[in-house]
Amino acid sequence: MTDKIANLALMAGGNELVEAAQYYENIPGQTDKAVMLYHKAGMISRALDLAFRTDQFSALDLITNELDENSDPRILERAAEFFKNNQQYNKAVQLLAYSKKAHIYIYIIIK
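Note that full-length UniProt numbering has the sequence shown beginning at 1, numbered continuously upward.
Note that these hints are calculated values from the structure, not bench results.
Any given hint could turn out to be false.
[As the list claims (entries may be wrong)] Beta-carbon label-pair distances, calculated as ranges:
hint : residue 1 : residue 2 : range
1    : Q87       : A12       : 37 to 43 Å
2    : P73       : R53       : 19 to 25 Å
3    : L8        : D68       : 29 to 35 Å
4    : K101      : R53       : 31 to 37 Å
5    : K101      : F57       : 18 to 24 Å
6    : E69       : I27       : 33 to 39 Å
7    : G14       : H103      : 39 to 45 Å
Beta carbons are placed, not taken as given, at the ideal position from N, Cα and C, and that holds for glycine.
Kindly produce the complete structure, drawing on both the sequences and the hints.
Put into structure tokens, the structure is as follows:
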């Protein structure tokens, strides 16, 4: 039954995506669906926040691949910090370059 809710929300779009994501967010072991639905609803910050809190590395990688220089600098910096802490320095520097702060991490990496 729970899988059908995600599929129906994806077909419906709009507010149904958010409502379904909120539903899955409160079910243990189903946060991956919540992250995906928030992402599809365009709520990138919320999707990333939940993915960070639940250590969903593949979702983080997928979502951050869509970030660019037009993305919210706070999101870019938070994602960069996550990747830096997980020794993925190239990804961290790339995200910080988008936020115009790559020099900070280049200094940290060199040091």
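Hints, one by one, checked against the model:
no., hint, in the structure
1, Q87 - A12: 37 to 43 Å, "40 Å, holds"
2, P73 - R53: 19 to 25 Å, "21 Å, holds"
3, L8 - D68: 29 to 35 Å, "31 Å, holds"
4, K101 - R53: 31 to 37 Å, "24 Å, violated"
5, K101 - F57: 18 to 24 Å, "23 Å, holds"
6, E69 - I27: 33 to 39 Å, "36 Å, holds"
7, G14 - H103: 39 to 45 Å, "41 Å, holds"
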